[in-house]
Amino acid sequence: MLAITKQELLIARRNMWVATSVALMALFSVVLSMAGGAPTGTLGVNPLIVAVTSITTLSVYFVPLVGLLLSFDAISGEKERGTLALSLTYPLSRAQILIGKFLAHFLVLAFAIGVGLLLVAIISIFKNGGLNMSFTPLLWLFVTSLALGATFLGIGYLVSSLVNQPSVASGFAIVIWLVCVVLYDIGLLGALVADNGGFFTKVIFPWLLVANPADAFRLVNMPDISNNVLSSGLSSASQVSGRIGQIASLFLWPILALFFAWVALKKVKT
Amino acid sequence: MSALTITNVSKQYDQVKSLDCVSLEISAGSVLALLGHNGAGKTTLIKMILGLTPLTSGEIDVFGAIPGSNMARSFTSYLPENVAFHGSLTGREQMQHFASLKGESKKTANILLEKVGLNHAIDRRIGTYSKGMRQRIGLAQALLGRPKLALLDEPTSGLDPISRHEFYDIIKEMSENGTAVIISSHALTEVESRTDKIAILSQGKLVANDSLENLRTAAALPIRFDIKTKAKNNKKIAQDLGGKSINGHAIELFCNSDKKIQILGQISSFGAKIDDVDIIPPSLEELYRYYSAENRSSNISEGE
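Protein chains in written order, with our numbering: chain A, -13 to 256; chain B, 55 to 358.
Keep in mind that the hints were calculated from the coordinates and are not lab data. Yeah, the Cβ is synthetic: ideal placement off N, Cα and C, and Gly gets one too. It is possible that some hints are incorrect.
Computed spacing ranges between beta-carbons, pair by pair [to be verified]:
#, chain 1, residue 1, chain 2, residue 2, range
1, A, G228, B, I176, 52 to 62 angstroms
2, A, S79, B, I334, 44 to 54 angstroms
3, B, G212, A, G157, 26 to 36 angstroms
4, A, L13, B, S142, 38 to 48 angstroms
5, B, G212, A, M(-13), 26 to 36 angstroms
6, A, E66, B, E339, 18 to 28 angstroms
7, B, G212, A, I172, 31 to 41 angstroms
Bound conformation, chain B alone:
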């Protein structure tokens, strides 16, 4: 079932078109990463889904409800970017406040605080919390009321690697419980293995929206081989494979995915002359650059 359907949504701020005909769909229980530069329109899109920002044109449907309607709000949760809760409340008080707004019990609030790993700091004032701890409260409140749709705006910015890991574990659990999750981010390496689908916004346009695998195939970016050899054989092997010799004992080689097996065969035929081989598929960062740049170049050609 489709949890969220966005159809041809545009947003115009004075002269600037911050979103241009964006269409997107997300099904219940899946995780979508929304990627883009600063100012690409990620936060605008999220605020539109929440009903905080009116649309210039287009339509958004949240489980059949209008964004911002009481019904939509009752099953949507939100973690804003850079949220700072009032410093003089304790974590428990802040959380119980949100719980009562969502019609949840104090007990649920405490359970969720425990879940995000704040049980040791539950009665300390938020003013004394670290950035990561404040972000954890933000996540805890986004778990309240078993939301059907969770919108997390840059949830892991400023978090240490272990906290990030825990965050994504919780997000995974949410999606397993049927929540559709949208994470906006520009920390590409994190979302790489943890999302079902990736949508890339560039200058207000949706330039990609697919699984990582399909994006890779469509972009047809070359695969990189990192080969390590003995110094004396290095030049010769580099020449035979058509790669580039680096430092006298490493070779860098790019090829398209259809040539991958062939090159592997060649490499293995060198036997003991090769010390090590790494095969590196195009990273999300490269894909991201590829899709963002594609949009830009097409913009330029339109302009000409």
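Chain A on its own, in the form it takes in the complex:
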């Protein structure tokens, strides 16, 4: 199993997607923490909070995309190349193959996110002298980003197992990404407008919102006290599902996604 992880890491080292996503994550983090700090000046607000809020918004789009990019080829590519059949003739179970790949991609993800957030921390410290800053929000952002990324890794493996060509898998991955991080929210927004503050808005909407791991991630990382109108709308919704619900959604999704990916991989005929 660790041999699989090692091999995937070797592949990832030479993968353009990986290099690009690490570079992008780092770049965005730097820009956002530089620019994000500007309006607050030396006010009492922890400057990290501002940066974390900006980066959360970025990560909602970015982390699922990286997760899917890393994983869409994992099974379908091996099917097409014929190496999956070969791997299965080695004394190795399908679960081991899946977990081996997951571990490697998870590490890559952790590296990409970690580099970005480390840069944020360093920049904040330089700008604010930051000895009495709390880094908890940043750590929490790191952990939840990983959970979000892991979910989409799992979804990527699931798609990858269900189709036979990597090109098809990448198409599905893009669609899933669009639905989860863009269309889902637009759909909910549309429903809210149509419902005009009725039963749906008060009871169903908050749960639907938290059911999407991307939205759960957004809610979890939202600062507790916020003056922002948009986020206060969201946070009033998040009152219903509560923090426990959000965290549960965020950490149950990776397990569910991986489980279904495993079920799908077990059914793959070589």
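Assemble chain B onto chain A, guided by the hints.
The following block gives chain B in isolation, referenced to the frame of chain A:
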């Protein structure tokens, strides 16, 4: 000792019977060529022996183990048809990965890469390899862990003649070390002299399974004589021997193997009038056509 025993194995895909009651046995240290058209069921049979494809009925026994069980996998090796390894790994990295899966050392991996003639390209990415070189990695990984049974699916397709020769040398060495080897192929001329037994699959049925010699005898295909004569004697000799005159200075003649010596005697009695004689036994290709066609005609008569 029997390495692999296949008993009455059938495979049904929806309506299509891709394997029909196939029984086969191979002993340790021998090389079996599995021949057949595209779609005759060669790859299906191989994947069943590996435990990748479930059987519809029948039984397969690999050294006493169930196909696909960890025990069977630990002493079986496989070279898939058209395998393409990940292009961004080097040959060494790919091979070391397989070695660690089989519990072999890095050193063994390197030795095997050298053995298949890849030592000059060991640290280049597989993406830059030629088809033959990729196939060599495939063969190298099939040598890992001293397998008791090696299944090579079309190992030499797309290889140049010299590479093929080297491939068969390595396969021979494997069998000398006690490995039972199954090679599927439709390159008949190659396997002709290099295998102990030949099994022919036709439309999912095993139509032949024997040594080349026995297959020849059983098929009783005619032997061909190619005789070269001076132009002026050509017609007369052709008439005397009962052969066919070709181009005015060659004669083609077919006979059964029991008449061979008699005809040779006749030919030699012509003395200096004959320039040259070639005796050509039925080639594997002809045998293959014979056995495949036999099955087909019997299928047709069954259908009637």
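Verification of the supplied hints:
1. G228/A <-> I176/B: 52 to 62 angstroms: For I176/B against G228/A, whose Cβ atoms are near 58 angstroms apart, the range 52 to 62 angstroms holds.
2. S79/A <-> I334/B: 44 to 54 angstroms: holds (53 angstroms)
3. G212/B <-> G157/A: 26 to 36 angstroms: Distance hint for G212/B, G157/A holds at roughly 31 angstroms.
4. L13/A <-> S142/B: 38 to 48 angstroms: With Cβ atoms ~24 angstroms apart, the hint is violated.
5. G212/B <-> M(-13)/A: 26 to 36 angstroms: Check passed, 33 angstroms falls within 26 to 36 angstroms.
6. E66/A <-> E339/B: 18 to 28 angstroms: violated (33 angstroms)
7. G212/B <-> I172/A: 31 to 41 angstroms: violated (51 angstroms)
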